[in-house]
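Undergrad: Whole structure, please, built from the sequences with the hints as guidance.
As they're listed, the protein sequences go chains L and X.
Per this note's numbering, the first sequence starts with residue 1, numbered consecutively.
Per this note's numbering, the second sequence starts with residue 1, numbered consecutively.
These aren't lab readings, by the way, just hints derived from the structure by calculation.
Some hints here could point you the wrong way.
Unchecked claim - Quick list of the computed label-pair ranges, beta carbon to beta carbon:
(1) Lys140(L) x Asp157(X): 53 to 59 Å
(2) His555(L) x Arg169(X): 55 to 61 Å
(3) Ser134(L) x Gly136(X): 29 to 35 Å
(4) His555(L) x Arg155(X): 30 to 36 Å
(5) Glu553(L) x Arg169(X): 38 to 44 Å
(6) Asp157(X) x Ala293(L): 53 to 59 Å
(7) Asp510(L) x Gly136(X): 19 to 25 Å
(8) Gly273(L) x Gly136(X): 44 to 50 Å
(9) Ser602(L) x Gly136(X): 43 to 49 Å
(10) Gly118(X) x His194(L): 55 to 61 Å
The C-beta atom is built at its ideal place from N, Cα and C for all residues, glycine as well.
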Amino acid sequence: MAKRRKRGRRKPRRKAARRSVWSRLFIVLAILLVGYIIFLDFQVRHQFTGKRWSLPARVYARPLELYAGLSLSADQFAAELKALQYRPVRSPRAAGEYSRNANKFHLLSRPFDFWDGSEAAQNLRLSFAGGNISRLSDGKTGAATSLARLDPVLVGSFYPSHNEDRVLLQLDDVPVALTDALIAVEDRGFYKHHGIAPLAIARALWANIRAGGVVQGGSTLTQQLVKNFFLTSDRSLLRKINEAIMALLLEWHYDKDEILEGYINEVYLAQDGKRSINGFGLASYFYFERPLAELSIEQYALLVGLVKGPSYYNPRRHPERARSRRNLVLDIMLQLELIDKQTASRAKQKGLGVSPYGRKAINTFPAFLELVRRQLQRDYRDEDITSEGLSIFTTLNPQVQWQLERVLATRLKTLESGHSIEAGTLEAAAVITSVQGGEVLALAGGRDPDFAGFNRALNARRQVGSLLKPAVYLTALEQPRSYTLATLLDDSPLTFTARTGDVWEPRNYDRENHGMVPLYHALAHSYNVATARLGLALGIDSVIATLRRLGIEQHLNPYPSLVLGAVEMSPLQVTRMYQTYASGGFRMPLRAISAVLAADTSPLQRYPLSVESVIDPAENHLVTTAMQYAVREGTARAIPPSFPADRFLAGKTGTTDALRDSWFAGFTGERLGVVWIGRDDNQSTGLTGSSGALLVWRDLFSQFNPAGWSQPAAEGIEYQWIDPASGLLADAGCANAVQLPFIEGSAPLESAPCKKGASPIPGAVEWFKGLF
Amino acid sequence: MRVFAGLIVCFVVMLLAVQGCSTTASTSAPRPVVIEKGSSAPVTTQIPAAVSPAQERAREPVVSRQPPAVVALLEHAQQQANDGDLESSAASLERAIRINPGSAVLWYHLATLRLAQGEARQAEQLAVKSNSLAPGNMVQQARNWTLIAESRRQRGDSKGANAAERRARELERN
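TA: In structure tokens:
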């Protein structure tokens, strides 16, 4: 009893407590709901505004400048047009179309906004002959055109981490046919509803019940846009509710056109490997390889049809499904009188017109793009690069890049099979620049051009070996009273004992000593002992000072072995050094970027041509002459047979201990190329500079303009015939005599015995002087 | 109670989703970048290029004839300079140099432009470059040294300017 009573007394209290728990719960829930809506509202606005800004940077190659006389073959031009996604047709009618008849082209170019102004669309005719443009004329009038600049090849984009790509369109730029079709198919009441369309949902529900499955969706464009924001595809009720609330919020904040524009840029239309294709702008390129504005009515219908299910209706994988879906869209358009009967039936007869799926890497030239990104990071924040829609104009020359990639692939294979090297073990890097402008034209970070991994051109640091030697010889030649190209250097065995007690005994590659050799010959044949002795005589510090002027900024230890190249550099750093030699003694930044435009095509920044005179042009001329002899008769003598006899060619081989690195740095008057071959595990390659890297260079440079320009001899230079054996004056009649440049007044005064009218006993005057 | 827990879970999930989203969608406005487009004042330095190659040759037999593409770019550069758009003019000259990199006169024009933009130091370097491409061409060298003198004067180096001026006069006499 007692127990019962107790229970009875407690009962009403419990009820009250339960009531208050419920009401509290209700209040908490209400607060949560309000909070939740505020949170959704924040999210909607944040997403919508954010999405509209998030645009990857577009990276362009150099634009092709067309003019009569340009060294470019018809096939090279065709390759450029292909990369530009120009369409070959029988007779070009619209921008982006061309026709080819053997060596003659007729082309309607696209307009394009460059840093220095807009280039209008042009009607052009081109003829090619002998590897050059022989004639460039106006396609209508036939009058000669002096210059035309094509739009540049898009070589890549810098995406934010989530790999979404887009070609942003403004509603004004979207063809009305597309928006009409889209609204007709996806959301007829778009301009009337407030984000959701209950009637449409009911209609869809009814249709689905009747059909016994999902046949119709009731989602408005607004709801679909919201759905895309979240990127999830679960079909839970909660998500549906969220979607509806957010759709209402979106409509509340933004007007119809803004929402439609957002939809057109946001809708998911394809998957390309890791990259999702969002928006009609990019989808147009992805499926048809041309801008949206250049498409025809059935192509718009196909794109609109794809909205329902890009993978189910994938026109490349399921062409039949895609075709019937497209025709359904055309029927709806006809039904709503958006098109007439004739147009509809003609459009329905047409093929899908989808380009074959080229498995394109997101970025075509990842190694070059890494250099671009590195240079951009000096001036822009990472977020700006990936989201502000910058247009980045680079110096990349696709023609040179393609040639380089082909040459590397074939030559490395040949080297491996020819030297019994395990296939696939050799790696390579190369940098090609324009000699006078310091523009990086092509870059290889490894033998596989599509691999975006370790970039050896930028990041591999390898011993440079003999590539360093020209700096030693230049240091000497900058003292014309003491050293000329004809000065005899001592190549006899050398033992050097440092103050620390360390003993250094450099040896020549051929293990021989060559006695007294003229300076130019010692560099051309890359004699280690003569170079070491010269370097020690000059002082390591003065060699370092020269390297600094040439553009080497890294820390350098003042050890004697430095003069033989016991220092590690990346191929790009080596290029910087050789750029100074090649350009006549002018140091310049190696540029991968020429200009940057903002998303609205207003100019942001230019990376101008700038030079700094660091080596006297005459003295620089002397050291490059010695490098010409390296090609003519020295370690790089495998080169000349591949070139016209009068071609200006200069360069230097580099080989490191145990054949770990094979280098060649060489230049013509127009282009400089630095090539490295080695192994990632730093084992021996079995290749010298001459038997490895040089061959890559030769394969590549022999494809360039054979009628190249070369640097003229500098002011203050005089040429003299020299007898190499004695280093004394000779004449053209002397056997082995060479004509060498000298700083005026520095040439030897004595004559070699072979010279006509020479003093009979060379050195007699000196001997006489010694007597008194 | 289950509903409540469910809501909390949902909220947490949403928060995570928002966090995930906020890292991808940047809210930052584009960073303003100032472009140096040169002064809008009328340009006093003229690029003596908008003359036909024939006229040019008549006046200075040592100046080599430019290809039509370069002539077109020089005319364009001149127009841009007249409009006060010096940096675009420089870009056009760089295009010309890309086509004909060994032409001393093109480098001289670029030097002239840089001087007009107040970049005296780079102007001198470009003139030195022009000299290196014009061995034996006294007329071009004299023009370059005159420009170097002006560049040094602008930088307050009157001694250097006088030396450059003397050099120019010597070359003109030859």
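Undergrad: Evaluate each hint against the coordinates.
TA: Status of each hint after checking the structure:
1. Taking the beta carbon of each, Lys140(L) and Asp157(X) are about 55 Å apart, inside 53 to 59 Å as hinted.
2. Hint check: His555(L) to Arg169(X), Cβ distance near 46 Å, so the stated range 55 to 61 Å is violated.
3. Checked against the hint of 29 to 35 Å, the pair Ser134(L) and Gly136(X) passes, with Cβ atoms roughly 32 Å apart.
4. Checking the proposed 30 to 36 Å range against His555(L) and Arg155(X) shows it holds: the Cβ atoms sit about 32 Å from each other.
5. The hint said 38 to 44 Å for the Cβ distance between Glu553(L) and Arg169(X), and at roughly 40 Å that hint holds.
6. Between Asp157(X) and Ala293(L) the beta carbons are some 57 Å apart, a value that agrees with the proposed interval 53 to 59 Å.
7. A C-beta distance of roughly 42 Å is found between Asp510(L) and Gly136(X), which places it outside the suggested range of 19 to 25 Å.
8. Separated by about 59 Å at the C-beta atoms, Gly273(L) and Gly136(X) break the suggested range of 44 to 50 Å.
9. Judged by the Cβ atoms, the range 43 to 49 Å given for Ser602(L) and Gly136(X) holds: they are separated by roughly 45 Å.
10. Roughly 59 Å separates the CB atoms of Gly118(X) and His194(L), a value that falls within the hinted 55 to 61 Å.
When each numbered hint is compared with the structure, violations occur for hints 2, 7 and 8.
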